[in-house]
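J.: Here are the chains, one letter per residue:
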Amino acid sequence: MAEVMVLVDHVDGEVKKTTYELLTAARVLGEPAAVVVGAPGTAGKLRDGLAQHGAAKVYVAESDNLGDAFLDPEVAVLAALVGRVNPAAVLITTSPDGKEIAGRVAVRTGSALLGDVVELAADGTVTHSVFGGAYTVTAKANTEHPVITFRAGSIEVEAIDGEAAEEIVEVPSIGAAAAARVTNRLPARSGDRPELTEATVVVSGGRGVGSAENFEVVEKLADSMGAAVGASRAAVDSGYYPAAFQVGQTGKTVSPQLYIALGISGAIQHRAGMQTSKTIIAVNKDPEAPIFEIADFGVVGDLFTVAPQLTEEVTRRKS
Amino acid sequence: MNIVVLVKQVPDTYSERTFDESDRTLDRESADAVLDEINERAVEEALKLKEAGEGEVTVVTMGPGRATDAIRKALSMGADKAVHLSAEALHGSDAVQTARVLAKLLGTLDHDLVIAGNEASDGRTGAMAAMVGELLGLPSLTHARKVEVDGRTVRVQRETDEGRTDLEASLPAVVSVGEKINEPRYPSFKGIMAAKKKPVSTLTLADVGVDAAEVGLENALTSVLQVTPRPAKTGGQKVTDEGDGGARIAEYLISQKLI
Numbered sequence: 001m002a003e004v005m006v007l008v009d010h011v012d013g014e015v016k017k018t019t020y021e022l023l024t025a026a027r028v029l030g031e032p033a034a035v036v037v038g039a040p041g042t043a044g045k046l047r048d049g050l051a052q053h054g055a056a057k058v059y060v061a062e063s064d065n066l067g068d069a070f071l072d073p074e075v076a077v078l079a080a081l082v083g084r085v086n087p088a089a090v091l092i093t094t095s096p097d098g099k100e101i102a103g104r105v106a107v108r109t110g111s112a113l114l115g116d117v118v119e120l121a122a123d124g125t126v127t128h129s130v131f132g133g134a135y136t137v138t139a140k141a142n143t144e145h146p147v148i149t150f151r152a153g154s155i156e157v158e159a160i161d162g163e164a165a166e167e168i169v170e171v172p173s174i175g176a177a178a179a180a181r182v183t184n185r186l187p188a189r190s191g192d193r194p195e196l197t198e199a200t201v202v203v204s205g206g207r208g209v210g211s212a213e214n215f216e217v218v219e220k221l222a223d224s225m226g227a228a229v230g231a232s233r234a235a236v237d238s239g240y241y242p243a244a245f246q247v248g249q250t251g252k253t254v255s256p257q258l259y260i261a262l263g264i265s266g267a268i269q270h271r272a273g274m275q276t277s278k279t280i281i282a283v284n285k286d287p288e289a290p291i292f293e294i295a296d297f298g299v300v301g302d303l304f305t306v307a308p309q310l311t312e313e314v315t316r317r318k319s
Numbered sequence: 001m002n003i004v005v006l007v008k009q010v011p012d013t014y015s016e017r018t019f020d021e022s023d024r025t026l027d028r029e030s031a032d033a034v035l036d037e038i039n040e041r042a043v044e045e046a047l048k049l050k051e052a053g054e055g056e057v058t059v060v061t062m063g064p065g066r067a068t069d070a071i072r073k074a075l076s077m078g079a080d081k082a083v084h085l086s087a088e089a090l091h092g093s094d095a096v097q098t099a100r101v102l103a104k105l106l107g108t109l110d111h112d113l114v115i116a117g118n119e120a121s122d123g124r125t126g127a128m129a130a131m132v133g134e135l136l137g138l139p140s141l142t143h144a145r146k147v148e149v150d151g152r153t154v155r156v157q158r159e160t161d162e163g164r165t166d167l168e169a170s171l172p173a174v175v176s177v178g179e180k181i182n183e184p185r186y187p188s189f190k191g192i193m194a195a196k197k198k199p200v201s202t203l204t205l206a207d208v209g210v211d212a213a214e215v216g217l218e219n220a221l222t223s224v225l226q227v228t229p230r231p232a233k234t235g236g237q238k239v240t241d242e243g244d245g246g247a248r249i250a251e252y253l254i255s256q257k258l259i
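Protein chains in written order, with our numbering: chain A, 1 to 319; chain B, 1 to 259.
Hints should not be assumed to be uniformly reliable.
[As the list claims (entries may be wrong)] Between beta-carbon pairs, the in silico distance windows are: (1) E216/A with G209/B: 54 to 62 Å; (2) E170/A with D20/B: 40 to 48 Å; (3) G163/B with E216/A: 24 to 32 Å; (4) E170/A with D110/B: 34 to 42 Å; (5) T25/B with D123/A: 16 to 24 Å; (6) E51/B with T315/A: 51 to 59 Å; (7) D69/B with E14/A: 14 to 22 Å; (8) Y186/B with E293/A: 28 to 36 Å.
[To be verified] In the BS3-like style, the derived pairs of lysine-lysine whose C-alpha atoms are separated by at most 25 Å in a straight line are: (9) K220/A with K238/B; (10) K233/B with K278/A; (11) K180/B with K48/B; (12) K285/A with K233/B; (13) K50/B with K190/B; (14) K252/A with K146/B; (15) K238/B with K278/A; (16) K252/A with K233/B; (17) K220/A with K140/A; (18) K252/A with K180/B; (19) K278/A with K257/B.
Derived by calculation from the structure, the hints in this document are not laboratory data.
Backbone N, C-alpha and C fix where the C-beta goes; we use that ideal spot for every residue, glycine too.
The shape of chain A in the complex, shown without the other chains:
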């Protein structure tokens, strides 16, 4: 059975959940083989988790010299493995780093690149959801060992035992001239709220929130539900909320179980980032706001009375 390579996404000795999504997806094509690139000892910490999610093999590419390297080790290790093992596919998470690694591995190995897929079938056909979910597109690779990036949250993780047989692989040396060096790293401070793109519930505010201070109403509802907070472009452009939380065509694409839009009119720009949410709730003063066209349940009213009441109901129900 052909191997399907999965690049393990890890930070500080902890594996990201998306890695388990990839291991689950890999099983339809062949035997999942996890590839760990990191400092010595990394694979040892991750092995149990990988074994519990079906990794038949774990390629261990560890080196002391990765400190100032920037994505080159991952690219070099994967490209070397593609050449040697001829895997059925290489799976990587859709993230800024993942996309770059995938693109570089694809051009280095002459492989097809299938980006941001949400589904992988046994015959190798992939499904993309594009233009903010307005279209579903199926595609296939015309080369061997396609490199596929997977959208986080698109696969339901299934635990299954795997052998996780370790194999040490060398980290190829990187030509200094062709490499960028890392001179400083400042990891993002993770807040108490879930990651926007991974959250099962997202509560977003728009222009109707009116000010940065008023966003507290959005945050309070989000916190009562353990939700992530999002914002429309209008709210971000008005300086109400930081750009990192923008949902929409030029921001994040989210697809949570529940999306609550407060004071958001629902321009195409915003809908493109959230219309594949399973259930959409909208609160807006304007009964003609386009957001109501896609909302499963809409309330025409003032968000400053509706949202706090909902927060109270949710809190009461939990206690």
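With chain A held as given, fit chain B onto it using these hints.
T.: Leaving out everything else, chain B in the frame of chain A:
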């Protein structure tokens, strides 16, 4: 310093974007076409670097004849000249093919620094700068929110959701810029007039040494099988708040087992 900026004309994200029914490619005719927003920032950064030292800014695009509008915009912002690779055969090229063509095209131009946007709003591959860098054997410093050139060294503050990483590399190098790098200038009337006289060279595949059999839909490394519009989502219940709006949402969420 020779700065080359990669730009792309895309369908406006505020317009309805569709696919061509015959060959399942993006329908570039039906939507309003604009210079991709992130590219304006790439052009702006190139102009700033030029203004801080010296050099020449060349704008490069590959795309249909209409892409000249995007070139004009960049030139009216202040870029010195433009190169437009246009060929029927390119239609339907995928990301890997596009990277290969851009790398060949860049090979015909003097370049110390190549600047691109971090991700186009249509294809969203989000890796073109890295792929082109890989093919040219150049370092790629991506998602920049700050770029500095000091002699033959380029330094970039890379910012993504994961945090900030400071990178440096020797020139020549490829840089991609993120949303927060700068605010692009508006072309002045003078700039718009001057742009009309700036040189735009139109190249063919042969000019850059690309064989038509390597590019386009027929020769792509990936094939689109089917394009299905998502069934239009229809609105559900809509109620007017009569003092119980929040409670009614809670009831709905309970009935759907969401809380």
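J.: Each hint: holds or not?
T.: Results for each hint:
1. E216/A with G209/B: 54 to 62 Å: holds (59 Å)
2. E170/A with D20/B: 40 to 48 Å: About 47 Å separates the Cβ atoms of E170/A and D20/B, which means 40 to 48 Å holds.
3. G163/B with E216/A: 24 to 32 Å: holds (26 Å)
4. E170/A with D110/B: 34 to 42 Å: Holds - the Cβ-Cβ distance for E170/A and D110/B, about 37 Å, lies within 34 to 42 Å.
5. T25/B with D123/A: 16 to 24 Å: The hint (16 to 24 Å, Cβ to Cβ) holds, given that T25/B and D123/A are roughly 23 Å apart.
6. E51/B with T315/A: 51 to 59 Å: Since E51/B and T315/A have Cβ atoms about 55 Å apart, the given range 51 to 59 Å holds.
7. D69/B with E14/A: 14 to 22 Å: violated (48 Å)
8. Y186/B with E293/A: 28 to 36 Å: holds (34 Å)
9. K220/A with K238/B: holds (24 Å)
10. K233/B with K278/A: holds (11 Å)
11. K180/B with K48/B: holds (15 Å)
12. K285/A with K233/B: holds (21 Å)
13. K50/B with K190/B: Holds. K50/B to K190/B sits at ~19 Å (cutoff 25 Å).
14. K252/A with K146/B: Given pair K252/A, K146/B holds - Cα atoms ~22 Å apart, limit 25 Å.
15. K238/B with K278/A: holds (17 Å)
16. K252/A with K233/B: Holds: K252/A and K233/B sit about 20 Å apart, inside 25 Å.
17. K220/A with K140/A: violated (44 Å)
18. K252/A with K180/B: holds (15 Å)
19. K278/A with K257/B: holds (13 Å)
Violated hints, listed in ascending order, are 7 and 17; each of the other numbered hints is respected by the structure.
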